[in-house]
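Chains as they are written, first to last, in numbering that gives the first Met the number 0: chain A, 0 to 338; chain B, 0 to 348.
It should be emphasised that the hints constitute simulated quantities derived from the structure, not laboratory data. Mixed in with the good hints there might be a few duds.
Said to hold, decoys possible - Simulated crosslink set (SDA-like; lysine to any residue; CA at most 20 Å straight-line):
no.	chain 1	residue 1	chain 2	residue 2
1	A	K132	A	H167
2	A	K59	A	G103
3	B	K253	A	I272
4	B	K277	A	S259
5	B	K26	A	Q168
6	B	K277	A	D237
7	B	K253	A	S259
8	B	K253	A	P260
9	B	K277	A	D281
10	B	K277	A	E255
11	B	K277	A	G103
12	B	K26	A	D327
As the list claims (entries may be wrong) - Now the stretches of chain A that chain B is said to cover, found in silico as 3 or more residues with beta-carbon under 8 Å:
no.	segment
13	195 to 209
14	264 to 273
For each residue, glycine too, the CB sits at the ideal point set by N, CA and C.
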Amino acid sequence: MTRSDEASRNPLLQIKGLETHFFTDEGTVRAVDGAEFEVYAGRTLGIVGESGCGKSVTAKSILQIVDRPGRVVDGEIIYRPRAEPERDLLKLGANSHEMRTVRGGEISMIFQEPISSFSPVHTFGNQIIEAIKLHTDLNNDEAYDLAVNWLERVGIPNPQQRLSEYPHQFSGGQRQRAMIAMALCTNPRILIADEPTTALDVTTQAQILDLLLQLRDENEMAIIFITHDLGVIAEIADDVAVMYLGQVVETAPVEEIFESPKHPYTIALLNSIPSMAAAPRDRLPSITGAIPHPQNRPPGCPFHPRCPSFIPDVCNQREPSNTMIDSDRKVRCFLHEAI
Amino acid sequence: MTAISQNQDPKPLVEIKELKKYFPIHKGFMRREVGAVRAVDDVSFYINEGETVGLVGESGCGKTTTARCIVKAIDATAGEIMYRTVDGSTVDLTQLSNAEMRPLRRDIQMIFQDPFSSLNPRMTIFEIISEPLLVNNIGTRQEREDRVHELLNQVGLRQEFMQRFPHAFSGGQRQRIGIARALAAQPRLIIADEPVSGLDVSVQAQVINLMMDLQDDFSLTYLFVSHDLNVINQISDRVVVMYVGRVVEVGTPKELFSSPKHPYTAALISALPKPDPKQKRQRTVLEGEVANPAAPPAGCYFHPRCPHAIELCKTEAPGMEEISPGRFVSCHRASELDLAGVSIPASAD
């Protein structure tokens with residue numbers, strides 16, 4: 000699959016040098032530490048990484064909904080919708096009218112735990128109709144019809160009846176479908192999905208992944224799909240960004256990540272997935288050590304204490320830069336840096 | 000119905016026969032009993048000494064309830080759990096009183112899913128790991144300390160950690176502490192309930208490797224409960240697949256995953272995301288959702304979602320059949336269906 004020339008020139012969303020820090024009593028945690036990636040219309044970017052690597056904070060930074068004591072301290076988030084001039088979202092105030100139009104209207108987000116994203120004391124219908132009315136000029140009846148229409152599209156039976164029910168009356172899979180309907184009813188250009196299937200069973204997960212891909216194609220939108228599961232990435236993503244300790248260490252099209260991973264962390268991550276094709280009772284290759292505590296971030300390349308290809312006096316001294324190794328591949332590692 | 004049982008020697012360490020656990024549903028002012036959630040509804044399987052049996056299924060299928068019945072954390076509604084003690088006699092755990100169960104509790108230990116809530120935050124690591132020794136009156140203080148040293152070594156933790164509290168440890172380290180605690184009293188059977196589900200993949204691999212090493216070193220028997228087919232495939236000698244409180248299929252991971260006989264097993268395999276973007280999915284995406292165990296459908300519990308269901312499936316529940324030695328399936332159409340298993344990447348093109 001090759002990107003059309005027009006699309007490759009103009010990413011819909013471009014993140015540059017994003018820094019989001021948490022200012023806690025124990026010190027500053029650099030949760031996102033210079034993350035860089037691009038998102039293209041009609042494609043899915045998978046952000047993969049282990050817990051604490053900053054993937055969720057990156058997503059929240061895009062919408063400027065980072066919880067305190069976190070704050071975006073540096074970077075650019077360039078948003079280029081087709082008809083309008085490009086804007087740096089970070090230059091808009093978090094509570095400005097413009098940002099509120101973008102948030103939920105042009106860039107929507109769905110979360111891992113849909114139950115905690117809904118109000119338990121309002122019917123589901125009230126909540127979705129409120130979202131529609133906030134972002135469109137529709138009146139009550141039109142908004143109701145649109146809500147019914149969206150529930151049908153995401154595969155919820157009896158939409159009229161379900162609209163008058165409360166979120167706790169939905170099952171886990173239905174709730175995630177409802178959440179998707181609510182996120183998409185404003186026709187966003189970008190959908191950010193933060194581990195939307197992690198809490199679901201595999202059979203339900205398969206349904207939701209298929210639904211997301213189908214809706215992406217129908218609406219020509221871009222998806223940023225955040226997960227720790229490389230299997231899910233292989234299924235849904237077109238491009239992949241691998242994150243480790245707040246940095247994007249490798250970006251590449253999905254086939255190339257799986258076929259010829261370049262960064263030692265990506266390689267180790269791919270090796271450590273238990274596979275159905277593997278012989279039972281085989282030992283898994285595992286990454287030594289654990290993810291460092293974010294307050295004890297190692298100097299130099301953050302992965303060097305666990306890295307099998309560690310170069311003494313280089314990796315622990317300096318930080319590698321993000322190096323372009325192909326027209327659509329970047330990697331942050333001294334092994335691939337022309338010195 | 001052919002119960003799943005092991006006929007030849009060696010006799011199994013644990014044999015579960017027609018286990019049932021119903022949770023009553025109360026309703027109204029008088030708290031009348033109006034029904035029951037059939038969490039475990041006729042489950043039979045056995046665990047041989049020294050092997051790992053993987054118990055796999057989706058949430059709500061009763062796998063954790065089955066595990067909790069075996070350690071007698073809850074009492075079974077009906078059925079037998081035959082346990083072969085060290086001296087070779089066989090006892091039914093469901094019939095034992097708490098006092099009679101006590102000496103056996105040393106033998107059967109449990110590892111839990113959430114390493115954050117299963118360790119008491121106000122106890123030091125030494126206190127946590129030595130507690131099984133203390134309650135069973137094993138050793139003096141000095142001996143217990145030596146034993147904790149040894150255990151920490153075995154699970155790959157440093158001895159200086161002994162006086163620290165759980166909050167100082169990462170998820171993987173906490174799971175190692177949980178494993179050390181389970182090993183403390185030298186058990187024979189370890190029930191591990193989703194022990195790696197809360198861990199990152201890189202750490203998950205470390206813990207699985209550790210559990211396999213410990214099994215070889217101390218000839219442990221594992222019942223490994225998980226929803227993750229990949230993990231189950233990695234660690235198990237035999238696999239039991241459950242759906243809505245019932246066992247649907249039993250076999251070795253190789254048999255089960257390369258040529259599943261039950262449509263549910265096949266659907267689970269097909270739904271599993273494959274870490275290979277080239278292998279295009281040929282999914283049988285299941286319609287609908289897991290049946291409600293409080294009001295299961297008639298006949299085979301799987302029939303409303305089954306792409307191969309026939310009239311018979313709607314009225315009559317299939318019995319358990321042994322289709323080859325040690326291989327059990329509960330499906331009316333097991334012999335006629337040709338179901339796809341795990342396709343090896345090389346043959347995908």
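Non-conforming hints, listed in increasing numerical order: Violated: hints 1, 7, 8, 9, 11 and 12.
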